[in-house]
Amino acid sequence: MKLKELEGRLQQVDVFESPKLLLEQYPTRPHIAGFDIDEDALDIFRTNAEEFELQNVDLVQCDICALPSTILEKSVDTIIMNPPFGTKHNKGMDMTFLKSALQMARTAVYSLHKTSTRNHVQKKAADWKVKMEVVAELRYDLPASYKFHKKKSVSCLQVMD
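Under the working numbering, the sequence shown has 148 at position 147, and the numbering climbs by one with no breaks.
If you are wondering where the hints come from, they were derived from the structure by calculation, not from laboratory data.
We put the beta carbon where it would ideally sit given N, CA and C, even for glycine.
Hints may be right or wrong, so weigh each one.
Once the Cα atoms are required to be at most 25 Å apart in a straight line, the calculated BS3-like pairs of lysine-lysine come out as [what the hints assert, rightly or not]:
no.	residue 1	residue 2
1	Lys92	Lys124
2	Lys75	Lys132
3	Lys115	Lys130
4	Lys100	Lys75
5	Lys125	Lys115
6	Lys100	Lys124
7	Lys100	Lys115
8	Lys132	Lys100
9	Lys125	Lys100
10	Lys92	Lys125
11	Lys132	Lys115
12	Lys130	Lys75
13	Lys100	Lys130
14	Lys75	Lys125
15	Lys92	Lys115
16	Lys132	Lys92
17	Lys92	Lys130
Taking CB as the label site, the calculated pair distances span [claimed, not checked]:
no.	residue 1	residue 2	range
18	His32	Glu52	25 to 33 Å
19	Val136	Pro69	28 to 36 Å
20	Pro69	Glu138	32 to 40 Å
21	Glu52	Glu138	45 to 53 Å
22	Asn120	Thr48	33 to 41 Å
23	Phe53	Glu18	42 to 50 Å
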């Protein structure tokens, strides 16, 4: 699903017919925020966002893992991410990203991980006292850019408090 389609679907969801003031219920426009350490990646996203006429998108260049854990605590509803798998030079980076995402998300994190690491992710989720569920196993069409690229499947995991 493309981001424009996702935003369109989010705009079509039912809203409260009789919102409860005491519960602070009110509809909000869908909003997308992207975080990346690489300015080139953000430039590519900006170009794509303009091409698909996406609005209400914020991009932040930062090292998400270097931010103080409280700065973005429970600051977004849902996180969808494809973290670095950390197979060569950044061992454990996928878990660092997942831990940061869990601190930021109010509801759930959807994260892509190598299928071969599923048991490890499950163990980490248990250690962190969160639930993890495999929502999809995907054949990942990633051309082998490097000699060490071999695996062709990833799992999409939902992780939540």
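Hints versus structure:
no.: 1; hint: Lys92 / Lys124; result: holds (17 Å)
no.: 2; hint: Lys75 / Lys132; result: holds (17 Å)
no.: 3; hint: Lys115 / Lys130; result: holds (21 Å)
no.: 4; hint: Lys100 / Lys75; result: holds (12 Å)
no.: 5; hint: Lys125 / Lys115; result: holds (15 Å)
no.: 6; hint: Lys100 / Lys124; result: holds (13 Å)
no.: 7; hint: Lys100 / Lys115; result: holds (17 Å)
no.: 8; hint: Lys132 / Lys100; result: holds (13 Å)
no.: 9; hint: Lys125 / Lys100; result: holds (9 Å)
no.: 10; hint: Lys92 / Lys125; result: holds (15 Å)
no.: 11; hint: Lys132 / Lys115; result: holds (18 Å)
no.: 12; hint: Lys130 / Lys75; result: holds (16 Å)
no.: 13; hint: Lys100 / Lys130; result: holds (12 Å)
no.: 14; hint: Lys75 / Lys125; result: holds (20 Å)
no.: 15; hint: Lys92 / Lys115; result: holds (13 Å)
no.: 16; hint: Lys132 / Lys92; result: holds (23 Å)
no.: 17; hint: Lys92 / Lys130; result: holds (22 Å)
no.: 18; hint: His32 / Glu52: 25 to 33 Å; result: violated (19 Å)
no.: 19; hint: Val136 / Pro69: 28 to 36 Å; result: holds (30 Å)
no.: 20; hint: Pro69 / Glu138: 32 to 40 Å; result: holds (35 Å)
no.: 21; hint: Glu52 / Glu138: 45 to 53 Å; result: violated (30 Å)
no.: 22; hint: Asn120 / Thr48: 33 to 41 Å; result: holds (38 Å)
no.: 23; hint: Phe53 / Glu18: 42 to 50 Å; result: violated (31 Å)
In summary, the structure is inconsistent with hints 18, 21, 23 from the numbered list given earlier, while agreeing with the others.
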